[in-house]
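Trainee: Sequence:
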Amino acid sequence: MIIVKTAEEIELMRQSALIVSKTLGMLAKEVKEGVTTNHLDAIAEEFIRDHGALPGFKGLYDCPSTLLCSVNEAVVHGLPTDIPLKDGDIVSIDCGSFMNGFYGDHAYTFEVGDVAEETKKLIQITKESLYKGIEQLKIGNRVGDVGFAIQQFTEAEGYGVVRELVGHGLGRKMHEDPEMPNYGKRGRGKKFIEGMVVAIEPMINLGTHKVKQLSDGWTIVTQDGKPSVHFEHDVAIVDGKPEILSTFGYVHEALGITSDEEDAFRQKALEL
Numbered sequence: 001m002i003i004v005k006t007a008e009e010i011e012l013m014r015q016s017a018l019i020v021s022k023t024l025g026m027l028a029k030e031v032k033e034g035v036t037t038n039h040l041d042a043i044a045e046e047f048i049r050d051h052g053a054l055p056g057f058k059g060l061y062d063c064p065s066t067l068l069c070s071v072n073e074a075v076v077h078g079l080p081t082d083i084p085l086k087d088g089d090i091v092s093i094d095c096g097s098f099m100n101g102f103y104g105d106h107a108y109t110f111e112v113g114d115v116a117e118e119t120k121k122l123i124q125i126t127k128e129s130l131y132k133g134i135e136q137l138k139i140g141n142r143v144g145d146v147g148f149a150i151q152q153f154t155e156a157e158g159y160g161v162v163r164e165l166v167g168h169g170l171g172r173k174m175h176e177d178p179e180m181p182n183y184g185k186r187g188r189g190k191k192f193i194e195g196m197v198v199a200i201e202p203m204i205n206l207g208t209h210k211v212k213q214l215s216d217g218w219t220i221v222t223q224d225g226k227p228s229v230h231f232e233h234d235v236a237i238v239d240g241k242p243e244i245l246s247t248f249g250y251v252h253e254a255l256g257i258t259s260d261e262e263d264a265f266r267q268k269a270l271e272l
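When the letters of the sequence shown are read in order and numbered with the numbering used here, they come out as residues 1 to 272.
Bear in mind the hints are in silico, worked out from the structure with no lab data behind them. From the three backbone atoms N, C-alpha and C, an ideal C-beta is built for every residue, glycine too. Heads up, a few of these hints could be off.
[Claimed, not checked] Label-pair ranges, simulated between beta-carbon atoms: (1) 35 x 256: 16 to 22 Å; (2) 88 x 39: 16 to 22 Å; (3) 38 x 6: 37 to 43 Å; (4) 254 x 82: 23 to 29 Å.
Put together the whole structure using the sequences plus the hints.
Mentor: Right, dumping it as structure tokens:
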């Protein structure tokens with residue numbers, strides 16, 4: 001059952017989402033060659049707690065960390081390690097917060113140094129596919145419309161769309177109804193309703209869509225060892241249209257990126 005949020009609850013969820021956005025913005029300056037994901041995890045936990053929130057992942061389903069850091073062929077759920085990042089790596093950082101009784105859940109894929117051009121394109125297309133999906137989160141549409149938009153856009157480039165892992169509803173629990181696959185058929189699945197909040201998160205592979213889990217019980221990797229990219233936003237339906245609660249603005253500011261990609265999905269300007 002989809003749990004509808006009031007306008008006041010959506011604003012509380014925006015605060016939770018923005019804590020994660022600010023954390024990712026802080027980490028954007030720290031992701032570089034020689035840095036370990038364990039270090040990133042430690043400073044992220046401190047940052048979240050210093051901003052009056054709790055790490056949303058730590059302890060959830062026995063997760064041992066604040067961040068999930070997925071490097072190169074890791075799709076999602078990569079546990080932080082003491083292995084230094086190296087030139088040419090990519091790392092998807094997924095982060096959660098819990099504040100005011102609600103969760104935020106948000107992810108960005110970062111480049112480390114000089115990344116291969118085919119991987120850069122995968123990053124670009126996956127990020128664009130996120131907004132293709134968000135466009136479809138509106139009254140009159142269904143779950144399948146979001147998945148179809150993401151799948152059509154990314155498969156046209158020859159990429160693999162992960163099937164086993166999906167986006168989800170978000171609220172007082174990290175995972176609520178409905179599941180939000182990154183593939184599907186138009187007009188299929190649950191109807192979208194006013195006040196629902198979901199995490200839309202394309203996970204797109206350079207090669208095959210097939211994945212496997214490592215022996216740590218967490219990390220999911222591509223079967224062919226090729227890179228995978230993951231981006232995620234928290235989005236509500238407000239006045240029948242998608243309203244992004246999270247932002248990549250803090251990351252863009254840290255990295256010197258100019259972008260207006262979120263503007264169409266925000267009813268009032270976000271002050272960074």
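Trainee: Compare the structure with the hints numbered earlier in the document and write down the numbers of the violated ones, lowest to highest.
Mentor: Nothing - there is no hint that the structure violates, so all of them hold.
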